[in-house]
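Protein chains in written order, with my numbering: chain A, 2 to 249; chain B, 2 to 249; chain C, 2 to 249; chain D, 2 to 249; chain E, 2 to 249; chain F, 2 to 249.
No lab work stands behind these hints, which were simulated from the structure alone.
Cβ atoms here follow ideal geometry from the backbone N, Cα and C, with glycine treated the same way.
Keep in mind that the hints are not guaranteed to be accurate.
As the list claims (entries may be wrong) - Rough simulated footprint, nothing fancy, chain A against chain F, three-plus residues with beta-carbon under 8 angstroms:
#: 1; region: 152–158
#: 2; region: 224–232
Said to hold, decoys possible - Per the computed footprint, the stretches of chain E lying under chain D, defined by three or more beta-carbons under 8 angstroms from a beta-carbon of chain D, are:
#: 3; region: 135–149
#: 4; region: 178–185
#: 5; region: 203–213
Said to hold, decoys possible - Here are some of the chain A residues that sit facing chain F, going by a computed Cβ distance under 8 angstroms:
#: 6; residue: G31
#: 7; residue: P32
#: 8; residue: G33
#: 9; residue: D60
#: 10; residue: S68
#: 11; residue: T71
#: 12; residue: S72
#: 13; residue: L149
#: 14; residue: R150
#: 15; residue: R182
#: 16; residue: T183
#: 17; residue: V207
#: 18; residue: G210
#: 19; residue: N211
#: 20; residue: K237
Protein chains: 6
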Amino acid sequence: MQRTETGIKGFDELLGGGFPKGKCVLVIGGPGSGKTIFAMQYLLHGARKEERGLYITLDERPDQMKSHMTSFGWDIDKLESEGKILLLDATPLRRSKRSLSEVESYEHELGVSLPELTLQSLIRTVHKIVDEEGIQRIAVDPITSMILRYHELPKRRRAVLLFFDALIDTECTSIVTSELRTGVLDRGFAVEEFLSQGVILLHTLVHEGNVIKAIQIEKMRGIQHDTQLRPYRIGKDGIEVFPKDRIF
Amino acid sequence: MQRTETGIKGFDELLGGGFPKGKCVLVIGGPGSGKTIFAMQYLLHGARKEERGLYITLDERPDQMKSHMTSFGWDIDKLESEGKILLLDATPLRRSKRSLSEVESYEHELGVSLPELTLQSLIRTVHKIVDEEGIQRIAVDPITSMILRYHELPKRRRAVLLFFDALIDTECTSIVTSELRTGVLDRGFAVEEFLSQGVILLHTLVHEGNVIKAIQIEKMRGIQHDTQLRPYRIGKDGIEVFPKDRIF
Amino acid sequence: MQRTETGIKGFDELLGGGFPKGKCVLVIGGPGSGKTIFAMQYLLHGARKEERGLYITLDERPDQMKSHMTSFGWDIDKLESEGKILLLDATPLRRSKRSLSEVESYEHELGVSLPELTLQSLIRTVHKIVDEEGIQRIAVDPITSMILRYHELPKRRRAVLLFFDALIDTECTSIVTSELRTGVLDRGFAVEEFLSQGVILLHTLVHEGNVIKAIQIEKMRGIQHDTQLRPYRIGKDGIEVFPKDRIF
Amino acid sequence: MQRTETGIKGFDELLGGGFPKGKCVLVIGGPGSGKTIFAMQYLLHGARKEERGLYITLDERPDQMKSHMTSFGWDIDKLESEGKILLLDATPLRRSKRSLSEVESYEHELGVSLPELTLQSLIRTVHKIVDEEGIQRIAVDPITSMILRYHELPKRRRAVLLFFDALIDTECTSIVTSELRTGVLDRGFAVEEFLSQGVILLHTLVHEGNVIKAIQIEKMRGIQHDTQLRPYRIGKDGIEVFPKDRIF
Amino acid sequence: MQRTETGIKGFDELLGGGFPKGKCVLVIGGPGSGKTIFAMQYLLHGARKEERGLYITLDERPDQMKSHMTSFGWDIDKLESEGKILLLDATPLRRSKRSLSEVESYEHELGVSLPELTLQSLIRTVHKIVDEEGIQRIAVDPITSMILRYHELPKRRRAVLLFFDALIDTECTSIVTSELRTGVLDRGFAVEEFLSQGVILLHTLVHEGNVIKAIQIEKMRGIQHDTQLRPYRIGKDGIEVFPKDRIF
Amino acid sequence: MQRTETGIKGFDELLGGGFPKGKCVLVIGGPGSGKTIFAMQYLLHGARKEERGLYITLDERPDQMKSHMTSFGWDIDKLESEGKILLLDATPLRRSKRSLSEVESYEHELGVSLPELTLQSLIRTVHKIVDEEGIQRIAVDPITSMILRYHELPKRRRAVLLFFDALIDTECTSIVTSELRTGVLDRGFAVEEFLSQGVILLHTLVHEGNVIKAIQIEKMRGIQHDTQLRPYRIGKDGIEVFPKDRIF
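Looking at chain A on its own, in the form it has when it is part of the complex (with noise of 0.2 angstroms):
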């Protein structure tokens, strides 16, 4: 099977070399775990190999996000003007000033739940996108407002399924951050760790006093991976994972 390179140092050794091509895969981290981080450090990789790149903000302003990635030294501006990566601001409610209750309101006259509106409008954008840009590589940061919109699990269930599947069919190799609810390691798990083809766990533990940053591949589907729990540090050039090393 075909990879997809992450370029996050360390990390492709885990997996042997990429992410299986074409894939969905999701990374699942708690606050400070370096989610946006992993995300556009993928990103970044495929604009050096001239695979464009599409990151999806759905809480953060883009303007916010640049200026963080400023202190690993990357230019997104510049980036973005060369057409290498794409930005789509999916936070209307951010860019726009309005209301709480003004958004209600404009929810109500369309006559439909904010769920269904955003999921579906969010897939035929992102559908068109591709096809007019030739994007390869996708990033959707963070999912979990869509999914908490979906009370019942079953709907929930149909509603990640249905996302992953348009991921899929686009025939890119994405990337879907998601916020993992607990720091514990025997956690209960989350349904779309079920329906993902890939899980990588950005695990932030308390161990004898000490914080340990750990990242696990929990689940790749398609291809042989590590399967162990490996330290991880965010340091100057992004994530940098010791692939060799024990957690302790």
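Since chain A is already given, all that's left is putting chains B, C, D, E and F on it; use the hints.
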């Protein structure tokens, strides 16, 4: 009691030969535990012994599943064309690109709630295929989405019983995969564990910073069997169990 | 107080001779703990002593149960034909192939909610059979589905009391199996544990990676008894308890 | 402050002589912890000292309770006929063989919800009996079913207070048994623990595979008392506490 | 900042002299932790220093509370008659023997829901008494029942704030007792802990089978204070804290 | 990226100089962890560097807060009169002595639910003050009550985002305090932790009977920072962090 070999290396030893023939066995595991690999390995072994297998996928699209299996050198397409394995795609939502809202209105027209519709129709379809095609092995992967549709425990119990009975009535030896909700050993039990005739647990444990995969025969009515946790790995040829080893 | 031997190897020792005659004992265990084996072993021992037994199955079909028992060399059909053990199939849903929707409409016609219907009718049937057939031992396996139908705790308590009383009024010595919700030792207690006159717990523990089966007499009103956790195994002749051993 | 001896071997030592006279003490324990034995032992001791006792049973039928007590060589019937112990059967549901539906319609006719009815009527009855019969010791066993009927915490608090006050107004020394919801030491506290003047906890702990029974005076307003966990056993003569021993 | 001595042996040392004058301090503890003893000891010390105290009881009847305090040789009646301590019985339900149903109809007539009624009226009463009687110390024991009446967290927060402010406006130094929901150290925090200016925790811990009582100043705005867990015992003279000791 | 010094002794070292300028940082801590002290210390440092600060109090009354700060020798009144620190009292409920019922009717008249009202109006007020007064540092203490008003997670997320964006748009460097729900290290994460650009955790841990205060930079987008748990204490001059020490 007659046996049906699983063909999973090292595992039939734990069972003392294989599954009890004609029974329905539940395979429960977390994300990345290898439920689908287990199911397919089981059908492949049947195919080699001229026992036709039926694989029913409820979440993942057959084309996706097939591509994942290539990493084990399993050519499902070939087996399908030879009629040794039949694939039933029970994921209408996925195949069609219909939106959630469309699906819901569609259900509405039928004047039935989704659960009944799906469970009943699935049972009818399975019986029809088994009768016409002379199936001897069935794998349903995974049953979770259907179980989740029943919110009240008593109704859920009845639905699960109804489904397990239907599989038993086919006189095939069936496996049904289900999602393990948590990674902890001392977890709560799921309804389906009590109602099935056999339960295989695929654990993913974290012990002293190590990720360990362990298989356990929690229950297997009608036969003597090993009851311990045994390590297993997902290698180049699929799942391999180490029947004499301890997990730690 | 008179005793009723269970005939389970090593277990009557813990009880100091057997169950108190005429009482109703709860047997609680997880999946694969051997609740049904316990129940049947109890009736078989009665059969040997010319005490007629009534086995009431609420989930599993009699034919299935029988086939499972063959692995212990127990010929239930023979005992049934000799009238030593009677089987009451309280699984209407299962025997008939009616769909869930049909059943619900059926309930609707009767103008009664399922719980009352079943509990009352079951009690009436049991009394009738015991009177007509001179039953001395009863096993209800498992009661769980009926208990779950009462969502409010006070109503559940009353239903359980009503049922236990009905069994006591038969003057038989009865056992009722129930599903243990979790594998942990320090678990919450179930309503039925407080309301029954005796409680046998079948634990499945994981200690240092080992799966251990342990039996415990949590409660047995009217007699002196052992209170410790004792190891047991499910062997060729059914359940065997080691009354002098420690679990670890 | 005057004391009322419990007569439970080794226990009065922990209390420094007995319960504070005229107070209401809660005895909380899990299944098989010996709540009923504790209650009856308390009344028996009174009987020996010519203090008439009233035993109020809310779940178990008096005849059943009596038969259980024979194992301790306690002849309740005799004490009853001698008028030393009075038994109030507060289990209408049980005595009459009425079905649940009948009972509910009966409640409906009365135009009152079950909780008020029972609590109020019970209080009235207790007062009447105490006045007419000159009772000095009361045991209510167990109060749980009545507490559970109040779903909202504030209403539950008021009901429990109302009931405890009513017992205090009788000027008897009363004990009320209640069900411990979990076996863990670091558990949540129950409403009634805060509202009663004294709380005795009957723990069943599992320590290194051993089952240990431990009694603890969690609270006893108005007197100095031991506060440690002390081992106890249920022997031939009822409950025996070892006031100087440690549990482990 | 001026101080108000608690007079609790060893405790003022932890506070560096006493409570900050004019503040409102929360005292949280489990059943039997000595909340009421703490409250009364605080008022008694004031009485000795000619600071009049107001004790407001919300659950327990004053006569009961008084009788409990006699075990410490505290003659509340005398102090009351001398006007050194005032007792406000805020337990209408208790004083009157009205039934729950009566009370509810009573509330209905007033056309107000119980929470507002009680909270508002209590505040008005407290202000009136303080102004007329020149109170300097207040103890509210316990506030729990009033807090529980607000089911929605935001409303609960506002009610608690409103009440704490009212006490602060009296310019008295107040303590409010509240029920600790669980015995675990790593527990969830209660709303009132965040909103009060000071929080004293009375823990009851079980360590290696020993029951240990520990006091902790979790929070005390405006002053420097000890932050460790310190052992305390309830002795003949009330609560005694060991300010230099460790709990284990 | 430019920095904004916190001025908290030892803490800027962990940040490598201070907060990223213009960002919004969340400070989460339990009761008594020093959230308000942290906020005020941050503004005081600004005042010294001629950066005007705005302190917004949502629960506590300004006069109370001020009096608490005197223990650190901080004269907020003076700074206020010099215009170096502005205090916005966002606690209408508190200032006015209106009853809950009045407030609710008031809300009713406005025909808006409290959440929208407050969030929107607060944002408007903050923008107005910042523009008119040339504020450079903002502290909102605490945001909890406003977050709690949104019961549905998706709405809560949007409200939090809306508020954080509003603060960012002021171009001030802001801190927002929030209540930590539990004392455990392996806890669930709060919505706001994922949505803010920086998260500071103030832990209160109990280790071998010792209470330990530990600060942790969980997240700080845009800069390199320390990630470990570091001990801190609340001393005579406010919070002091020990950037090179381990907690145990």
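The hints, checked one at a time:
1. For the region 152–158 of chain F, the stated coverage by chain A is satisfied: 4 residues place a CB nearer than 8 angstroms to a CB of that chain, which reaches the threshold of 3.
2. Judged by the Cβ-Cβ criterion of 8 angstroms, the region 224–232 of chain F is covered by chain A as claimed, because 5 of its residues qualify and three suffice.
3. Judged by the Cβ-Cβ criterion of 8 angstroms, the region 135–149 of chain E is covered by chain D as claimed, because 4 of its residues qualify and three suffice.
4. Coverage of the region 178–185 of chain E by chain D holds [criterion: at least 3 residues with CB-CB distance below 8 angstroms; count 6].
5. Coverage of the region 203–213 of chain E by chain D holds [criterion: at least 3 residues with CB-CB distance below 8 angstroms; count 6].
6. Checking A:G31 against chain F: minimum C-beta separation of about 6 angstroms stays under 8 angstroms; hint holds.
7. A distance limit of 8 angstroms between C-beta atoms decides the matter here; for A:P32 the minimum to chain F is near 4 angstroms, and the interface restraint holds.
8. Given the 8 angstroms rule on beta carbons, the hint for A:G33 holds: about 3 angstroms separates it from the nearest Cβ of chain F.
9. Interface restraint check: A:D60 against chain F, minimum CB-CB distance 6 angstroms, threshold 8 angstroms, status holds.
10. Hint status for A:S68 relative to chain F: holds, with the closest Cβ pair at about 6 angstroms, below 8 angstroms.
11. Using the Cβ-Cβ criterion of 8 angstroms, the hint placing A:T71 at the interface with chain F is satisfied: the shortest such distance is roughly 6 angstroms.
12. The beta carbon of A:S72 comes within 5 angstroms of a beta carbon in chain F, closer than 8 angstroms, and the hint placing it at the interface holds.
13. Annotation: interface hint on A:L149 holds; nearest CB of chain F at approximately 5 angstroms, less than 8 angstroms.
14. Look at A:R150: its Cβ gets to within about 5 angstroms of chain F, closer than 8 angstroms, so that hint holds up.
15. Evaluation of the A:R182 hint against chain F yields a held restraint, the C-beta minimum of about 6 angstroms falling below 8 angstroms.
16. Contact between A:T183 and chain F, as hinted, is supported at the beta carbon level, the nearest pair being about 5 angstroms apart and thus within 8 angstroms.
17. Because the beta carbon of A:V207 sits about 5 angstroms from the nearest beta carbon in chain F, less than 8 angstroms, this interface hint is met.
18. Hint status for A:G210 relative to chain F: holds, with the closest Cβ pair at about 5 angstroms, below 8 angstroms.
19. Annotation: interface hint on A:N211 holds; nearest CB of chain F at approximately 7 angstroms, less than 8 angstroms.
20. At its closest, the beta carbon of A:K237 sits 7 angstroms from a beta carbon of chain F; the interface hint therefore holds under the 8 angstroms criterion.
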